[in-house]
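For chain A, the structure is supplied; the task is to place chain B on it using the hints.
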Amino acid sequence: MHPILKLVSQRLALGLLLLLGASALIFGMTEALPGDAAQAVLGQSATPEALENLREEMGLNRPALTRYFEWLGGLVQGDLGQSLTNKLDIAESVGGRLSNTLFLAFWAAVISVPLAIFLGLLAVRYRNRWPDKLISAVTLTTISIPEFLIGYVLVYFVAVKLGMFSPLAMINDSMTLGQKLNSIALPVIVLTLVVLAHMMRMTRAAILNVMQSAYVETAELKGLTNFKIIYRHALPNAVAPIVNVVMLNLAYLVVGVVVVEVVFVYPGMGQYLVDHVTKRDVPVVLACGVIFAAIYIGLNMVADIVAILANPRLRHPK
Amino acid sequence: MNEQITHMTKEVTAGKLTRREFMGKAAALGVSAAMASTLFADAARAAGPKKGGDLKFGLQGGESTNSLDPATYASSVPFQNGKQFGDQLVEVAPDGSIEPRLAESVEGSADAKVWTFKLRQGVEFHNGKTMTSEDVLKTMERHSNEDSKSGALGIMKGIESMKADGDNFQVTLTEPNADLPYLMADYHLIVQPDGGMDNPGAGIGTGPYQLEVDEPGVRHVFKKFANHWNPDFGNFDSVEVVVINDATARTAALQSGQVHAINRVEPKVADLLGRAPNLTVHSTAGRGHYVFIMHCDTAPFDQNELRLALKHAINRQELVDKVLRGYGTIGNDMPINAAYPLFDGSIPQREFSLEKAAEHYKKSGHDGSPIILRVADGAFPGAVDAAALFQQTAAQAGIPLEIKREPNDGYWSEVWNVQPFCASYWGGRPVQDQMYATAYLSTADWNDTRFKVPAFDEMLFQARAELDNDKRKDIYSQMGHMVRDEGGLICPMFNDFVEGISNQLAGWESDPTQEMMNGNVSRKMWFA
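Residue numbers (the numbering used here), protein chains in the order written: chain A, 1 to 318; chain B, 1001 to 1528.
Isolated chain A, as found in the complex (with noise of 0.2 angstroms):
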């Protein structure tokens, strides 16, 4: 078996340990938390009586090792089973957001990514200079912001006084995708500005880092032009952290943006998984988390493959 392919089915199984175990986790966790469905649904409502019978209909009368173990089996069979609280079946509503959070933190990566490298490959090029300074001044301000206010600053400036795009990043179906985008714009511009900074500095330290060798002093000694020898030679060779620190981001983008969402009404996987945790909705809480931590595992999977293969002494071992 070529040793790329034994390390990929290697990672593949250790993920779905890794996933199993956190479905435990989730389960377990929500278990502990106080109260129950019935009694989230039926808040200040509740009477005794209401209470036993909306327990009856949920089945949370039975054992909870029952419970965890039927959602597994149906999980296995590719079924997520219903919401407790709505009767909604889970895969179908799930996959709707799912797809929303998708959306957002693509085009969120399509800017940012790009223009984080690119600023990076910038302020090597002007090291210690005027450029250097401002890019790095600028991303590490807006980093430093709590996303919401970035948020609602937008909202206020561009959307209400200026008129410029909506306040809502209120997406649906029936929507063309020139609309779409239009509607996500500002989550996406205050997405991009709290990601840049890491990337940026991340690249600018790779780079920097690669621009000690003695490769590079051959390369300039050749007469290639500065950018050409960071874009030719450095980058290649600093890929790997880079690549590390672009997947942690694109992880962010999908599974932690629950505050932008809030602010701009963004219908996500974020609002929707905090909703059903405070119901104790855990069928809902047990799929959102695992399909979390599949995209978190995903990516750092992808980060390692990408940074062996970016090594010819790592993708061919003696």
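Just to be clear, a hint being listed does not mean it is correct.
[What the hints assert, rightly or not] Only part of the chain B face toward chain A is listed, based on derived beta-carbon distances under 10 angstroms:
id, residue
1, Gly1058
2, Ser1064
3, Leu1068
4, Glu1146
5, Val1218
6, Val1242
7, Ser1256
8, Arg1275
9, Glu1458
Rather than coming from a laboratory, the hints here were simulated on the basis of the structure. A virtual CB, placed ideally from N, CA and C, is assigned to each residue, including glycine.
Chain B only, in chain A's frame:
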């Protein structure tokens, strides 16, 4: 100039001038935008309702866990959804009287024990079926039978039997109750085909709008139902309920014209928001109240002197000014205010008095150990601030209050109705009987102050059976006195419903029953 304005408003009334044209011309005459807006709204109201347009709500109080099953409604968005696709038998009118809906009329027997609802004929469900008395009976059974998990279960308890009889639906009670029609106006009791026994969450009813898109926690879209029994209800082509739980996002959406009506405007921004030219902030006095509740049967609150000490130690006006920013009225330690029918306005207002507080505290003989008040932000907006203000004034009277912050999550199951002293809120009920029966009757499940006084219970039942309003008012007054002087309720304030409505809409009327004109915005308002 006045003549020209008068002429223009006449043209608006005749439907010859649009809002945009009117505002333009008014501006040319030097009329301020806010003034012109008001003039236009008045003129448009005189013109009467117009049909058409797509209404958008931006509402707090929706989650992705919401269901369309009326039995599960407990927050604003489901409440509003129910009002779009459903009708109850009767509705509480803005003036507090009973208005017919699916029942044409309602009649009670002389002893107020048997109530007969004469049902409207030819009412069509959205699935094409015609409503029968069987559907009504099944609906009521679903909310009251043993398997019920309905939010209306509590109010259905006094029913002995129900029957469907041709065009009539009849309810027989175990005890007389003169307020039964008000109970039937509860927003959970939406008539569904076959009572919703087979698929309660289908969102099929007899309402003026029928369900088109149901994305819980995101949006709910309804389109006009052509065969609604009352052509006067529902002036819009479609209604969209957009869930916007974030207060800032909600106001931004209204300001930028993305939605036409928002609920729960934060009192601290209400004044500022009201200055925007394209919208109006409506403040409606309601029956909802923010409270601190003590268990009358748990030490140290089993001492009435201590309860009285705490009641005197709270500065009500300060709370209304600082927590509600003036969007509310002070409370009198009873759950009833002037918004209720048969309210006795002569009950003296309890005043803030450090001397009396100190005096009662001394009499109670409390050992001086800190009294723990549990509070969370979710108890009511500003609850933590209110508790801090309470702590300050109590300390001045020598009463040591200790505030314990609790998480929002799980507050209603772990703290409220469990711990002896905590912050809470009540949404209010249409009539006094229902409010007292829900939370002050000895046997009530939600008796969150553990107020158990047999004489009080007796008066409650006596008032129920009494059809003479003067005598009832007298009994309710005595009950009010009792709760105020002996109960475990510290009620510093009644909160207003504060809502933002676009000036494109006309036909607003204030309704104290529930927020957003008791859910009737889409039925009664129209695009001017």
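>> Which constraints among the numbered hints does this structure fail? Numbers only, ascending.
In response: 8, 9
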